[in-house]
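Start from the sequences, fold in the hints, and give me the full structure.
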Amino acid sequence: MHDFSDKIVLITGAARGIGKAIAERFAQANATVLILDLNREAIDHTVSELQGAGHQAFGYEANVTDARAIEELFTAVVKEHGKIDVLINNAGITRDNLMLRMKEEDWDLVLNINLKGAFICTQKVFKHMMKARVGSIINISSVIGLMGNAGQANYAASKGGMIAFTKSCAKEFAGRNIRVNAVAPGFIETEMTATLSDEIRAEYAKVIPLNKMGSPQDVAKLCMFLASDESEYITGQTIAVDGGLTMQ
Amino acid sequence: MDIEAKVKQIVMDKLGVEEAQIVPAANFIEDLRADSLDTVELVMAFEDEFGLTIPDEDQDRLRTVGQAIDYLKEKLG
Chain A
1 MHDFSDKIVL ITGAARGIGK AIAERFAQAN ATVLILDLNR EAIDHTVSEL QGAGHQAFGY
61 EANVTDARAI EELFTAVVKE HGKIDVLINN AGITRDNLML RMKEEDWDLV LNINLKGAFI
121 CTQKVFKHMM KARVGSIINI SSVIGLMGNA GQANYAASKG GMIAFTKSCA KEFAGRNIRV
181 NAVAPGFIET EMTATLSDEI RAEYAKVIPL NKMGSPQDVA KLCMFLASDE SEYITGQTIA
241 VDGGLTMQ
Chain B
1 MDIEAKVKQI VMDKLGVEEA QIVPAANFIE DLRADSLDTV ELVMAFEDEF GLTIPDEDQD
61 RLRTVGQAID YLKEKLG
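Sequence order for the protein chains is A and B. Each residue of the first sequence is one higher than the one before, starting from 1 at the first, in the working numbering. Each residue of the second sequence is one higher than the one before, starting from 1 at the first, in the working numbering.
Heads up, some of the hints might be wrong.
What the hints assert, rightly or not - Simulated restraints, written as ranges between beta carbons of each label pair: (1) E172(A) with V23(B): 28 to 34 Å; (2) D96(A) with Q67(B): 49 to 55 Å; (3) E19(B) with M247(A): 54 to 60 Å; (4) K171(A) with A20(B): 54 to 60 Å; (5) D108(A) with V23(B): 50 to 56 Å; (6) S215(A) with G16(B): 45 to 51 Å; (7) E18(B) with M1(A): 41 to 47 Å; (8) A20(B) with D3(A): 43 to 49 Å.
As the list claims (entries may be wrong) - Chain A is nowhere near these chain B residues, computed Cβ spacing over 10 Å in every case: (9) I22; (10) P24; (11) A26; (12) T53; (13) P55; (14) G66; (15) L72.
Hints in this document: simulated from the structure, not taken from any laboratory. Just so you know, even glycine gets a beta-carbon here, dropped at the ideal spot from N, CA and C.
What follows is the structure in structure tokens.
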């Protein structure tokens, strides 16, 4: 495993699901992990779990769509911890519905949190990374952003938007030695997918070349690689963790 | 340190140029080889150093070393 001693890693939406798995993995690699989430209770739970295991973890209650709050928070974080080495834009939601039934507010909410949230956090962290002349930003997109999905037009647009956003930022920040990459998870076992029946699971598995769903740890491992110096010549890429589902 | 000296120091630090190159007529982009991001960084550094906010619409007024010094003197005067 890579060693992230003295590295500050900030992860949005990290109190649960894939974000939590990412936080755990970085914590195990000796990083100082900053957990940003909306849900105070979930934050406290995850932070005390990590601290109980002897890791460096801090929780922050914040909304990624609130530009002013994020700016103030990042400034405070840099004051407290000295820097932010890695930002992982993971906060995201779904509000699925078929196009004909999709409400405008469901479109706005998903685009706001998933895409605008990434924009705000990236813009605010860049200011600090630019001065340090080093950094890695990882945007958690989705295979749905690559291939689309019936009933998820809003989510697909937000995740596809993240990929294009990743490329633009990668070009803009490259001169400052700040890399920006996207990760596109496929079918991953989380609380969200835990409710699926065995039948549906088997259907999913059929179309995945590796014949099974992925784990949040699979996503975390890729994030760790993209945050480390092992990937120092990789920027602007979208890498799928999907068991081969979207291979090109 | 006066405004002029502070500006010179910031320009030296940010753009990695020699002090001799930092003359009033020196254009940040054309003469001192700043890219667009450098110019934003310079403005941010001026804001930090002098404790003021430089609005986006004023950034065109800071194309040369001399213009930057004049602008800051005017704002801080």
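Quick rundown of the hints versus the structure:
1. Taken as a hint, the range 28 to 34 Å holds for the pair E172(A) and V23(B), whose Cβ atoms sit roughly 30 Å apart.
2. Separation of D96(A) from Q67(B) is about 54 Å and conforms to the stated range, judged on CB atoms against 49 to 55 Å.
3. In this structure, E19(B) and M247(A) meet the distance hint of 54 to 60 Å, their C-beta atoms being roughly 56 Å apart.
4. Between K171(A) and A20(B) the Cβ separation comes to about 33 Å, which falls outside the hinted range of 54 to 60 Å.
5. At about 52 Å, the CB distance of D108(A) to V23(B) agrees with the hint of 50 to 56 Å.
6. The beta-carbon spacing between S215(A) and G16(B), approximately 46 Å, falls within the hinted interval of 45 to 51 Å.
7. Take E18(B) and M1(A): their Cβ atoms lie about 45 Å apart, and the range 41 to 47 Å holds.
8. Range check, A20(B) to D3(A): Cβ separation about 44 Å, and the 43 to 49 Å hint holds.
9. Every Cβ of chain A is farther than 10 Å from the Cβ of I22(B); the closest lies at roughly 21 Å, confirming the non-interface assignment.
10. Chain A leaves P24(B) outside its interface by the beta-carbon criterion, the shortest separation being 27 Å against a cut-off of 10 Å.
11. Under the 10 Å C-beta cut-off, the non-interface status given to A26(B) relative to chain A holds; the minimum distance is some 21 Å.
12. Consistency note on T53(B): stated as away from chain A, and its beta-carbon is indeed over 10 Å from all of that chain's, at 13 Å minimum.
13. The claim that P55(B) is not at the interface with chain A holds, since no C-beta of that chain comes within 10 Å of its own (minimum 17 Å).
14. Residue placement check: G66(B) keeps its beta carbon more than 10 Å from all beta carbons of chain A (closest about 26 Å).
15. With a least CB separation of 20 Å from chain A, L72(B) remains clear of the 10 Å interface cut-off, as annotated.
When the structure is compared with the earlier hints, a violation turns up for hint 4 alone.
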